[in-house]
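Chains as they are written, first to last, in the working numbering: chain A, 1 to 78; chain B, 1001 to 1148.
The hints are simulated quantities; they were obtained by calculation from the structure and are not laboratory data. All of these numbers come straight from a predicted model, not from anything done at the bench. A portion of the hints provided could be inaccurate.
[Claimed, not checked] Stretch-level coverage of chain B by chain A, calculated; a stretch enters the list once three of its residues show a Cβ under 8 Å from a Cβ in chain A:
#1 1087–1093
#2 1109–1122
#3 1128–1135
Where is the CB? At the ideal position from N, CA and C, for every residue including glycine.
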Amino acid sequence: MLLFRSEEHVRRWCDTRGLQQGAVFTPDQMWMVAKPWHGRRLEQGWRRFTPDEAESVFASAGLTGPFWQLGISRGQSP
Amino acid sequence: MAPTDDDVRLHILRELIASGTAPSVRRTGAALGVSESDASAAYERLAANRVIVLQPGTRDVLMAAPLSAVPTPHVVRTADGRSHYGNCVWDALGVIAMLGMDGEVETVCSDCDSSLRLTVRGGSLEPSDAVVHFAVPAARWWENIIFT
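Between the sequences and the hints, there should be enough to build the whole structure, so can you do that?
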């Protein structure tokens, strides 16, 4: 996951590497995910989100659709 | 009471925050009062559960999310004057969230290498024209966590 100056730079980076463009979104959306995802890591008893919880966090930042779904193997979240 | 894997996880994170260096299994064992082999087993369980990432073929910590144990292009500078490395921009912002203080992420555009900065003040991210790109769908991130 990388940061780019603009979406044009994303397209150029993907073209150069023969990659399909993935998901492009704003740093603010990333911040909305980063806060719940990492904000409690220094607490005793922290645990990773379940897949459902992870998808809910993505959705709360407007990150929905197949790219953000964790698939049929739902044992662990990313 | 014997330390739990969560105690080991927290020890790794706190050492990384304080010194910038991930503790070896020996140091963690000594700090928590357990044998090196027990500490090693805890590292392996944490890695198997995707809580930490080890350097291939070793028990040296590579990632203890959101922190990187090795230098990356995603530098986090926090209001207490410390600096840290995030594994990616998400994790770099996550370092600021985890520490609960103002901070900045200094990184570069992956296409043109120009400097980019994200600033968090008072719990909010200041406006930025930059964009984030995930190349790999969420369900496949752990096929290669180094490249997402």
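Evaluated hints:
Taking a C-beta to C-beta cut-off of 8 Å, the region 1087–1093 of chain B contributes 5 residues in contact with chain A, enough for the three needed, and the coverage statement holds. Under a criterion of three residues with beta carbons nearer than 8 Å to beta carbons of chain A, the stated coverage of the region 1109–1122 of chain B is upheld, 8 such residues being counted. For the region 1128–1135 of chain B, the stated coverage by chain A is satisfied: 8 residues place a CB nearer than 8 Å to a CB of that chain, which reaches the threshold of 3.
Violation of the numbered hints given earlier is absent; every hint is satisfied by the structure.
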